[in-house]
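Asker: With the hints as constraints, model all of the structure from the sequences given.
Protein chains: 2
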Amino acid sequence: MERGVQGVTPQSEDFSSWYNELVIKAQLADRGPVRGTMVIRPYGYRMWELLQGQLDRRIKDTGHQNAYFPLLIPESHLEREAEHVEGFSPELAVVTYAGGKELEERVIVRPTSETVIGEMMAKWVSSHRDLPLLLNQWANVVRWELRPRIFLRTTEFLWQEGHTAHADEADAMRETMLALGMYSEVAREIAAMPVVEGEKTPGERFAGAVRTFSIEGMMRDGRALQAGTSHYLGTNFARAFGIRYTSEAERLELCHTTSWGMSTRMIGGVIMAHGDDKGLVLPPRLAPYQVVIVPIGRGEQLDTALRAARDLAERLRAAGIRVHADQRQHLSPGFKFNDWELRGVPLRLELGPRDLASGTAVLVSRLGGGKEQISLAGAPDALAGLLDDFQSALLDRATRFRDERTRVVDDWDQFAEAVRVGWALALHCGQASCEADIKASTGATPRIVPLSGAPATGPCVRCGNPSSYGRRVIFGRAY
Amino acid sequence: MERGVQGVTPQSEDFSSWYNELVIKAQLADRGPVRGTMVIRPYGYRMWELLQGQLDRRIKDTGHQNAYFPLLIPESHLEREAEHVEGFSPELAVVTYAGGKELEERVIVRPTSETVIGEMMAKWVSSHRDLPLLLNQWANVVRWELRPRIFLRTTEFLWQEGHTAHADEADAMRETMLALGMYSEVAREIAAMPVVEGEKTPGERFAGAVRTFSIEGMMRDGRALQAGTSHYLGTNFARAFGIRYTSEAERLELCHTTSWGMSTRMIGGVIMAHGDDKGLVLPPRLAPYQVVIVPIGRGEQLDTALRAARDLAERLRAAGIRVHADQRQHLSPGFKFNDWELRGVPLRLELGPRDLASGTAVLVSRLGGGKEQISLAGAPDALAGLLDDFQSALLDRATRFRDERTRVVDDWDQFAEAVRVGWALALHCGQASCEADIKASTGATPRIVPLSGAPATGPCVRCGNPSSYGRRVIFGRAY
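Chains as they are written, first to last, in numbering that gives the first Met the number 0: chain A, 0 to 478; chain B, 0 to 478.
Don't take each hint at face value.
Cβ-Cβ distance ranges computed for the label pairs, FRET-style [claimed, not checked]:
{"hint": "1", "chain 1": "B", "residue 1": "Arg152", "chain 2": "A", "residue 2": "Lys122", "range": "20 to 28 Å"}
{"hint": "2", "chain 1": "B", "residue 1": "Gln326", "chain 2": "A", "residue 2": "Asp60", "range": "14 to 22 Å"}
{"hint": "3", "chain 1": "A", "residue 1": "Phe334", "chain 2": "B", "residue 2": "Ser391", "range": "47 to 55 Å"}
Don't read these hints as lab results, they were simulated from the structure. Idealized CB from N, CA, C, for every residue including glycine.
Answerer: If you want it as structure tokens, here you go:
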């Protein structure tokens, strides 16, 4: 197979190899020594910090407080919610030996924290005045992965998990949708991923949830990526852990709880939603470097260019732009151009002797469009505007891509063709056996029932039985 | 034993009970279900976030980049550095079962990350151009604790761990001292803890280090708390993991590495360095709420006071002050006063009908000094100044306390008396057997050889043999 720039397989030839190679070559992450674990390198971790900052602000602005709960959970706690433990059992990592001896009770490394947080909520909530209880934590979780893939499915990943307790279903459902809305906004506005919000079908629900909602983004190979989930847990965990409150009417009631999470998987989503044959294309709001400056010249002229690059970087930094002046002297400008294209920096400025003489720099956008000159004097303002344009253009491009590859289908052949390259919007009977049949023939699964879908009923696209859900379902192959 | 306000044992009666009860009552933290683990509640976690923000900024400003390394480490990796594994073995938690079956190789839950980071550094470093490599991670670690104590010694704790690789000893030692200086500054400027910087004696070194430095703070019971450590690891880990680079002279050389950490233990330090019989006393720069407003009145007058409290809170927030208006209507003002004193809020404003009529509020400082009136119009500016004063006053008080309880001693009886209530500055022979003897008789251990100490030699305070270290050593009982 032919290699592209920097030895990365072109996306158009083999999407999967392109992804795996790019993650390493762009220095986003590396494989860890224990199977399925990853090392997030500074370039990838900075993207995560930027995403965290955006999401954390929204979580706090909506009245949630951050806290931290233990990594280690007694096995007996996990077992209290039957569906929950059944769903997670195959993926658990278990500590059996600690402090120099066998443990009397096995301890689970958290795969998620509903149980340990449920236990604490039961201690903290007693009156209706304690509600709603709105908590969030930033943490690592461990789920043993059989088919690991960096960022997308790793044995350990980083996430935030919101956990809230409410007096009734209505308030808990409002919370569930609020969290989904935050995710949708962050995906769209920050990651430039035009996600669709919807509800999971019963077979795709979180273990222990009454209703599960998610946002789904389309990757550039047409597959769906679940990029954030929000669960209404009903009274399942409240009953298992005794989360009860005394109402204003002095009655003892069970709380209704929710949980919701977004993870480092989003970094994988950003790679796959925007990248191309040349490498990453990063949305400016998540780019560790929004602008890179490459000084050009030899000898004294290079010294002048280096000095000018540092000065310009200083001015851009003062204007709030994340900028990097590439001062490496053992590498050629051409190598640097390819390198920063591979690493997805939105805008590149080339600064050579002729540019400096005329008080300009050559500007190249990672989205293409050729070289143009910009004035050094006006660079901070001009670049701030261009970065906003870049962010919008990326969202527009991804939206067009998604729309072009989403087809309303009522016929099986059309369905099979639609999910080969993207998503099918189809009527479905809702039967598990029919879902399994569709998956076996096409690899596609029901992703979500979109919240925005118009009412629709009719025969199931596969089996012809009457449709369920009252609207069309998005089917697609998924990560 | 008599109980103080809100049922907390007075500090003066039993320091240890005071601490344990206060941590729970002030809602800083709770015990987790697995022995030795803790739940950090929102009030305690906010302090950690504020500390994190301060430290993270300094870490980045000095050229370090954040990254994230796996929680799970193969047992064989840990074994590559002999002293390191020997030091940590008794505290390890081991995963032996995962993904539904026994693991072929046991996996350690990280107690610290030198080994897994060493493994990755070896992959990333090849040329002198790759150095220095300056990394940091914010993470949880697990060390099985036999005598757990919330924040001070917990089976799981949160920290940052810096890990760096350098071309030579001089550069690595500069880094080691840079990190120590950051810790010292954060402890002093942010936590108002007048720590002393120094070097650990050989018996107190980090497992695998060539030299270990720490900052030590004095708690209000006279004991020492190690509040941050910085290690020069020499070429020990570089040799074990193969961290090598090609020098400019084209020779293959071993790197010199460092590691340094500050943890949630600092929260325990803040509690014990400043708290009193009434509860916490928080330094404004770490206080989740710097100012609390308690509205006072009944019926319509209360409504007016509540509205005024919300307006004032809004104005203070706009001025960058972390403020909370306590609008709970089922609790009396007196209860609230005690509650916020227990929780250590630096400044309290009482807002009643008479105050509102005169455009003022009653101001009470957690450091005492009686009630005074302040004008509502000038409140934002006045309070910002008063918070700065509070921060300085707290540091001054802690500095006086430490100095009063630190004695230069040359005689064994004076030594024993000094370490009963505080620290002894004494000459010591440096022999492990003599250290053990001192510990057995007094409970005191050598904390550090202070960097700022004047040269001094003479007979050992205990055994009379010639002193070591070239200066006096701080001895004290420690957490």
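Asker: Hint by hint, say whether it matches the structure.
Answerer: Okay, the hints, checked on the actual structure:
no.	hint	verdict
1	B:Arg152 to A:Lys122: 20 to 28 Å	holds (23 Å)
2	B:Gln326 to A:Asp60: 14 to 22 Å	holds (19 Å)
3	A:Phe334 to B:Ser391: 47 to 55 Å	holds (53 Å)
Consistency note: the structure conflicts with none of the earlier hints.
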